[in-house]
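Undergrad: Keeping the supplied structure of chain A fixed, place chain B upon it in accordance with the hints.
In the order they appear, the protein sequences are chains A and B.
Mapping to the numbering used here: the first sequence position 13 is 13, numbers consecutive.
Mapping to the numbering used here: the second sequence position 62 is 62, numbers consecutive.
Simulated from the structure, these hints should not be mistaken for lab results.
Errors might be hidden in some of the hints.
One copy or any two copies: either way a pair holds, since identical chains are not told apart in the list.
Stated by the list, open to error - Derived pair list, reagent style SDA-like, types lysine to any residue, alpha-carbon separation capped at 25 Å:
1) K16 to L156
2) K35 to E103
3) K16 to G88
4) K35 to P102
5) K16 to S126
This one's a predicted model, so the numbers in the text were calculated from it and none came from an experiment.
2 protein chains.
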Amino acid sequence: MSTTDIREAVIEADEKLPIIRITRDFNATPAQLIKAHTDPDLYARWVGPDDISTEIDYWDARTGGSWRFLNKRGGESYAFHGSFHEVGDSRIVQTFTWEGMPEGVSLDTLTFEDLGDGRTRLHAQSLVESFEARDGWLASGMEVGVNDGYAKLDGLLSDGAL
Amino acid sequence: MSTTDIREAVIEADEKLPIIRITRDFNATPAQLIKAHTDPDLYARWVGPDDISTEIDYWDARTGGSWRFLNKRGGESYAFHGSFHEVGDSRIVQTFTWEGMPEGVSLDTLTFEDLGDGRTRLHAQSLVESFEARDGWLASGMEVGVNDGYAKLDGLLSDGAL
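Looking at chain A on its own, in the form it has when it is part of the complex:
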């Protein structure tokens, strides 16, 4: 593994735009990472914190499709839904709403940068309509879900599940 690999997700707030950017490297091709983000069974196995489970309600990962899933922890359930604006070979653009705050919508762009040698840098950008909403997400403890999830995805990749 190169010393320049980004194995702990870098989570950054843009200084001038209501955007969060996440950067993370994987031992995977872009095609493998796209599959990890578009195959519902695989996605449910890695997304989110270690102490939740994910149940897909509906999922149609194509340009113009949509999705909804539930996160469950003990007796609690949290629902999320959105649309796939674009599912391409090097980019996925989708919307995202946590149904506990239904007025909030983010526009998420995932870009898969091929680093060669079977490695890919994931750039995940979330754009929202206000700095308050953006800073609310940053203060929500989202880094736990991001890092737990990507570590599970590392495990799926090293297990050959992708």
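TA: The following block gives chain B in isolation, referenced to the frame of chain A:
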């Protein structure tokens, strides 16, 4: 008609966010304006500049649905597509891409403010990922399409088409 009616669309750039906001009043109920934005045959009759025609390619105006249409002028054709993230009773949230610049995506929120007496104020917000993209839209002559379109919608309303 009240002198406070907004009959020429007000098109504003947010000072601190990459957002365009459009405000316009109509002699219509919120339900009529939602129908004007979700019924594909009606939408094709009013949207855009006077010198173009609109052909719907596909259209599924429900939460999780998607849409695509073509604008035609002489021998030219311009295509647009997006997803309906939310189609509600007082709000529509959708994505929007002009296929001539496929990397650009806006997240559009339409809010229908009931003014009473059969009048409604439309608030249309477009959020994009950079100020350059936002200012490019403002410099594109978009106000012609906006004002022509809303005048056609006024006509459909006064003709009883809605």
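Undergrad: A separate judgement is required for each hint: does it hold in the structure or not?
TA: Structure-based check of each hint:
no. : hint        : in the structure
1   : K16 to L156 : neither (36 Å within a copy, 42 Å between copies)
2   : K35 to E103 : between (29 Å within a copy, 21 Å between copies)
3   : K16 to G88  : neither (28 Å within a copy, 31 Å between copies)
4   : K35 to P102 : between (28 Å within a copy, 22 Å between copies)
5   : K16 to S126 : both (14 Å within a copy, 17 Å between copies)
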